[in-house]
Amino acid sequence: MAKYFKNTSSKVGLPPGSIRYVGKTREEPLRICVFEYSEDHLEEYTNITVEEALSYHRQGSFLWINMDGVHHVDAVQQICTHFGIHPLTIEDILSTEQRPKLEDSETYIYMVLKMLEFDPIKGNVTAEQISMILGENFVISFQERPGDTFEQVRNRLRQGKGRIRKSGADYLMYTLIDTIIDYYYVILENFGDKLETIEEDLLVDASSRTLTSLYNLKREMVSVRRSIWPLREVINRLERDELKLIKKETRIFLRDVYDHTIQVIDTVETYRDVLSSMVDLYQSTIGNKMNAVMKVLTIISTIFIPLTFVAGLYGMNFEYMPELNWRYGYFTVLGIMFLMSLMMIYLFKKKKWL
Amino acid sequence: MAKYFKNTSSKVGLPPGSIRYVGKTREEPLRICVFEYSEDHLEEYTNITVEEALSYHRQGSFLWINMDGVHHVDAVQQICTHFGIHPLTIEDILSTEQRPKLEDSETYIYMVLKMLEFDPIKGNVTAEQISMILGENFVISFQERPGDTFEQVRNRLRQGKGRIRKSGADYLMYTLIDTIIDYYYVILENFGDKLETIEEDLLVDASSRTLTSLYNLKREMVSVRRSIWPLREVINRLERDELKLIKKETRIFLRDVYDHTIQVIDTVETYRDVLSSMVDLYQSTIGNKMNAVMKVLTIISTIFIPLTFVAGLYGMNFEYMPELNWRYGYFTVLGIMFLMSLMMIYLFKKKKWL
Amino acid sequence: MAKYFKNTSSKVGLPPGSIRYVGKTREEPLRICVFEYSEDHLEEYTNITVEEALSYHRQGSFLWINMDGVHHVDAVQQICTHFGIHPLTIEDILSTEQRPKLEDSETYIYMVLKMLEFDPIKGNVTAEQISMILGENFVISFQERPGDTFEQVRNRLRQGKGRIRKSGADYLMYTLIDTIIDYYYVILENFGDKLETIEEDLLVDASSRTLTSLYNLKREMVSVRRSIWPLREVINRLERDELKLIKKETRIFLRDVYDHTIQVIDTVETYRDVLSSMVDLYQSTIGNKMNAVMKVLTIISTIFIPLTFVAGLYGMNFEYMPELNWRYGYFTVLGIMFLMSLMMIYLFKKKKWL
Amino acid sequence: MAKYFKNTSSKVGLPPGSIRYVGKTREEPLRICVFEYSEDHLEEYTNITVEEALSYHRQGSFLWINMDGVHHVDAVQQICTHFGIHPLTIEDILSTEQRPKLEDSETYIYMVLKMLEFDPIKGNVTAEQISMILGENFVISFQERPGDTFEQVRNRLRQGKGRIRKSGADYLMYTLIDTIIDYYYVILENFGDKLETIEEDLLVDASSRTLTSLYNLKREMVSVRRSIWPLREVINRLERDELKLIKKETRIFLRDVYDHTIQVIDTVETYRDVLSSMVDLYQSTIGNKMNAVMKVLTIISTIFIPLTFVAGLYGMNFEYMPELNWRYGYFTVLGIMFLMSLMMIYLFKKKKWL
Amino acid sequence: MAKYFKNTSSKVGLPPGSIRYVGKTREEPLRICVFEYSEDHLEEYTNITVEEALSYHRQGSFLWINMDGVHHVDAVQQICTHFGIHPLTIEDILSTEQRPKLEDSETYIYMVLKMLEFDPIKGNVTAEQISMILGENFVISFQERPGDTFEQVRNRLRQGKGRIRKSGADYLMYTLIDTIIDYYYVILENFGDKLETIEEDLLVDASSRTLTSLYNLKREMVSVRRSIWPLREVINRLERDELKLIKKETRIFLRDVYDHTIQVIDTVETYRDVLSSMVDLYQSTIGNKMNAVMKVLTIISTIFIPLTFVAGLYGMNFEYMPELNWRYGYFTVLGIMFLMSLMMIYLFKKKKWL
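Protein chains in written order, with numbering that gives the first Met the number 0: chain A, 0 to 353; chain B, 0 to 353; chain C, 0 to 353; chain D, 0 to 353; chain E, 0 to 353.
Hints in this document: simulated from the structure, not taken from any laboratory. Heads up, a few of these hints could be off.
In the BS3-like style, the derived pairs of lysine-lysine whose C-alpha atoms are separated by at most 25 Å in a straight line are [as the list claims (entries may be wrong)]: (1) C:LYS350 / D:LYS349; (2) E:LYS100 / A:LYS348; (3) A:LYS351 / E:LYS349; (4) D:LYS100 / C:LYS247; (5) B:LYS288 / E:LYS288; (6) B:LYS23 / B:LYS100; (7) B:LYS246 / B:LYS165; (8) D:LYS193 / D:LYS100; (9) B:LYS349 / C:LYS294; (10) E:LYS23 / E:LYS165; (11) B:LYS294 / E:LYS288; (12) E:LYS349 / A:LYS288; (13) A:LYS350 / B:LYS350.
Reference listing, derived: stretches of chain C covered by chain B, where coverage requires no fewer than 3 residues with Cβ under 8 Å from a Cβ of chain B [what the hints assert, rightly or not]: (14) 269 to 282; (15) 300 to 308.
Cβ atoms here follow ideal geometry from the backbone N, Cα and C, with glycine treated the same way.
Take the sequences, apply the hints, and build the full model.
Listed below in structure tokens is the structure:
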């Protein structure tokens, strides 16, 4: 299950713009990939040094630097210094526990997103922070670790079909955001499957394992929701604000991303609604089961306790108990017991307990 | 019960404007119907090809193309290309898991609605996505499958009475929206009936079947609500925004539709309120039933357990037990037992358990 | 209890402005009353025909037509046509399941209100829809059935004291609204009484009958709230908007009505709050009762079951059981049983169960 | 406990501005006190007639008329007529069931507040309506009954120190409002004490008496909240609106009162939050207690019922039961019983029930 | 646990601007520290008198006076009078039960914050009120008691590196606010740890001690939330409003603080969400446990009560009971009992109770 809060407190008391990594301890090596492209050419470099990456920043072509491993503080700083990024922004890139946000400086747009990934081994969802910087003719994306949803963007760049190479850095950033948000659908479908499983369990046979699943799903929902809600405002500003770096042609695509974001949020809210109905259902089901158990106990006890008393009565050793000497005493008592049981069963039938 | 989320993830990573159907797998054949009309003439064509349909698009008359089966991707694309629809809009038409929305382009208005239908066999409500495009002199409506609420609109067109043939494409779109929203009343009446059934069950005898009905209704409400809420904004924009394609005369009718939408939403909210009261009632009812069961058990046990003990006492085989030899020992014990029962019953009466 | 939704679906698919009654089936005869008055004269006509009523509409005096029975579709239409009312407004007058609303046309103001009445026989609250049309020098009020809260307005008109005859049609409409809203206080007082009864029950002895009352009150509250909430906006618009037909002198009185509306809504919200506290209280009370029942059972069982076991022990028929032959075996066992009971009672006292 | 709604319905159907007292029936005599003051002189008159009071209204000095007993309708009317108060305002002064509100007429400001008082005998909080009218050089305060929070204002007036005599009628009204709101702190401290008592009860031993206290506190909170919420808007308007009768120097003090109001509201909301947590805690505590009771019952039953069965077994009177004749049959059975008990206890220990 | 409300009522009825300490009774001595600095020099004075402190207020250098112990009313007043602080602001400084707020006077900005500290001995969080006044070239900070989060600011001042000495009084105030808010992360991490502990307890074994922890955490959350929520608006105004005393260069840093505040609030809301899920989980867990207990009781009772009855039957002392004399009567009965048990166990298996 997602931890509640990572070592964010280590930064307390440092001056603003302090260059220190805040987040989960990580061991992954630094990995830098660069795409330098224009409408009619494309160069792709993988696993290069920071210096090499920066050397490809030139007039007349677009540059996309993707860096995995923001805990490599020096590399982050070196890149940012080259592109004239404000120290407070660098501090933000290094803090991996942020909410999605958008900052518009004079010369670049800084954006924080959460890339959600489904971990098929643990069976849960992990969130990774993606920082993106959009400049005049470059996009820089910082990831916490290797592995992302960008592979199809890379393929589209390599093939050079469609708009992607012609439409500038802002369009590239749009496609990156788009793949991140499209992947939320995969996450939500997975949640939907879990919801259906739990629902079936609830309607058929709710065990305490179902309760744990329900609770875990609710908890995952809380953290997914936290990653997604602020996105609404971020994407909306990207589309609405008259940001200098976003071209008018790109805005119509951002509108589309905004619609997707709304739909994702809407689905999350619906799921929350359903989950809270399920909790109600679970509690009522427990009550119903308890009722069923109690009824069995009550029926058995109510039938046999009086009978046992009667049997006990004639098990007493008094010297003078006239019934004991009757010829049909035993059978009379058996008969009475039988009638008592019938009466009880009739009463329970009338109460609809049987 | 409505599934949570259909295969929306298949589109992940595709470039924007990708022409791919997203939604439930469907087998229904393509079905295109065309109404070409002006104030004094009307031509109706059913089951024609796309090419034929497009050939009826001409100056001086209004055209309504209705297409069933948006999973026929090529047909959708062919129609849209003819009318100059933007690729992102085509992508939206093909995605059947969208929220109701309105988009105003320069040359057309694109609108997504949910047509709710009551399935009398399964006894539940299904939602079908209707996309509508309003142009200068045409309306195109895309449905997921045959079967709709438009039959009376067709009849009115055929009869040519009233305003419908005189008032242009925007008025036709209004009537289509109007029938969809009017049909929500049928759905809500059906829900109202179910609510009443459940309410009676709850007040008379709440079984665990009632709980399942309650939960299913709540779940259906969640999904109906999701189809209806965004409509408020959509219809409001249609009425308020100064959309070029909506004539001023049509706006007063849209105001009427808006009032209906508000009333539908209001009813849905009221139902939700009532449903949550019912859940409370159900839980309290379970508690009350348990109390009743427990009281029976407690009364029987509390009366007979001490009596059984007394009987057991005189069933002991001690050699020297003076009472056993008393002449009226047995009857004295019977008397004591009788008095004990009376006392217990009196106590229960005082506690109001009997 | 209020039904959830009446046959509103019968209108589905009809063209807009269709002249058809929507609502509960009614048998009441048509009843038209007219007051024609100016500052110094008054004519009152009851049970007249539509034609007669319309003939009193003349320059220089004010006219109030009150009609009971909106299911008399022809009469409604005849009156409306005379005064130039739009077909969509006529449709609204005939639909008795609407939310309170206000519509301002060029020549008249159309208003829908809910008149709440307490039915002393069934002991519940019924809502009746009142439509009012305010024109230059006339007010028309449409009711669903005879019986209303307007009697004192009629008396004031007859007596001709105060402002009522001098202040024009808008002031007359204000007084009609005012009496409707004043009557809400009667309804709320009645609810307050019921709340107090339930509260006393809850604090003294909560039966399952209390639960039913609680639920019924909650349900009535839901429907009253639904009638009252939209009023806030309606009255506010009447007071704030610069409506041509409302004189400035009348506005200060509407401000007063607005204050009353706010107070009524505020009271309804407070009641809802109290009701939801009561549901919590009820559920906790059930729990407490169950605890009490269980304690009795547990105490009795825990004391007697071990004693019964001991008695059973010495009821065994083994040949060699030395205790059985002891001189004071019986009394020793009785003593041990007595001590066991004392110990149990002491333990229960310590646990505060006794 | 506060009653839900007092006889407000008696006014139904009366013309607007009707001079009739609405509220609890009261017997208190009329009591009028007047302070006539300027910077360097002060006259105080107590228990005078309305005529006398009005005679002190003169140019060049400030006048504060305080009247206890708004059910003395004639006196209220006489005073109001003298100062030119609108009939609707008089109606409002006489209605003691209003929400706090502010009305700005051309020549005076009318304000309704709720003075909360703690009744140490009944141990609850009562609300009294205070109406205040601020004119050019006078303040009139109407109370429901004698006894108020104004004594220290009177002392400050008598001593003539500080700003109070120099700063005009608006400053006097500010001080009156200030003492009323300051007294809310006393009420909230009292609530805080009650909350702490209940909290300790809950964490130590929750009885059903605790439940009643909890519910009563919640109910008192609902009614206090109702008195306080609307105040926010009232005080805010007093501070923000450019009201002619409020001097700029007084506004900074009203800002201070506004902060206090916000703090009071904030505390009330926090208390509500805490109360709802307490209800959850109470319900869980009941559940826990029930569990404890049930465990005792189950442990005792599970240990002794099988033993009793075994004892019963050897109490049977069959002729041929070989064990009965064994030499150590009795002791073997005793041993088996002992082992059974040990095993049960071991199982309970493993389940952590013991 | 945090007390609900401290003796705030002592101020009731005092004139505005009354110089009186409101809050917890405190014994801490007065402690004043002064930093007088400019870009190239720094003087630090600790434990000096008010007069000395004020003597360092001179042109051309910046002054930071930090005072611990606001219950030393005279010292507060003396300092404030020197800097021309309004009496109402002094009153606010002396009231330690305020909400965070910002006031902008012509010559200074007054700000109230809550410094949260984790008390490792009691294991809970305490809030201390910090008042700050920012003037042209000075900052005054008032604390309730010694001990704060400012040590690293002092070190940065002493070392003179970075912006801190060059950037004026507004930047100093920013760093003070920044350390306070950064410390919230420490508090939230501590809460996160507690949440995880409780969560594990809940999923493994929920005792009533878990319930108490859960409740206490909820209560602490309520009070932390109360300290943090109003901050959003305060910091936002500091950043957005065109306050004369805040330089444009400082504003970008305040934007950063604002982001932190939002993140802290967001985390608090998430925790609340999780806590309320936990309460649901706890209640369901109790229900499940009860079910488990009841099942054990029911299984044991249902198996043995009928058997005991059969045993009792043949323990009766009737003279004529044919079965008793059968040769294999005893073994037949034993066999029947065995079969009865098997049947019961089979039934329980089928019901999935075993």
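Now for the hints, and whether the structure bears them out:
1. Annotation: proposed proximity of LYS350 of chain C to LYS349 of chain D holds, straight-line Cα distance about 24 Å (limit 25 Å).
2. Among the hinted pairs, LYS100 of chain E with LYS348 of chain A is inconsistent with the structure: their alpha-carbon atoms are about 68 Å apart, more than 25 Å.
3. Restraint check: the Cα-Cα separation between LYS351 of chain A and LYS349 of chain E comes to about 22 Å, which is no more than 25 Å; the hinted pair holds.
4. Our distance criterion of 25 Å between C-alpha atoms is met by LYS100 of chain D and LYS247 of chain C, whose separation comes to about 22 Å.
5. For the given pair, LYS288 of chain B sits about 19 Å from LYS288 of chain E by alpha-carbon distance, which is consistent with the 25 Å threshold.
6. For a cut-off of 25 Å, the pair hint linking LYS23 of chain B to LYS100 of chain B stands: about 20 Å separates their Cα positions.
7. About 13 Å separates the Cα atoms of LYS246 of chain B and LYS165 of chain B, which keeps this hinted pair within 25 Å; it holds.
8. A distance of roughly 30 Å separates the Cα atoms of LYS193 of chain D and LYS100 of chain D; the hinted pair therefore is violated under the 25 Å criterion.
9. For the suggested pair LYS349 of chain B and LYS294 of chain C, the alpha carbons sit about 17 Å apart, so the restraint of at most 25 Å is met.
10. Under the criterion of a C-alpha separation no larger than 25 Å, the hint pairing LYS23 of chain E with LYS165 of chain E is inconsistent with the structure, at around 38 Å.
11. Under the criterion of a C-alpha separation no larger than 25 Å, the hint pairing LYS294 of chain B with LYS288 of chain E is consistent with the structure, at around 21 Å.
12. Taken as a hint, the LYS349 of chain E and LYS288 of chain A pair is honoured in the structure, with Cα atoms around 15 Å apart against an allowance of 25 Å.
13. Only pairs whose Cα atoms come within 25 Å are accepted, and LYS350 of chain A paired with LYS350 of chain B is accepted, the gap being roughly 22 Å.
14. Three residues within the 8 Å Cβ limit are the bar, and the region 269 to 282 of chain C against chain B gives 3, so the coverage statement holds.
15. Requiring three or more residues with a Cβ within less than 8 Å of a Cβ of chain B, the coverage given for the region 300 to 308 of chain C holds, as 5 such residues are present.
Figure legend: structure checked against the earlier numbered hints; hints not met, in rising order: 2, 8 and 10.
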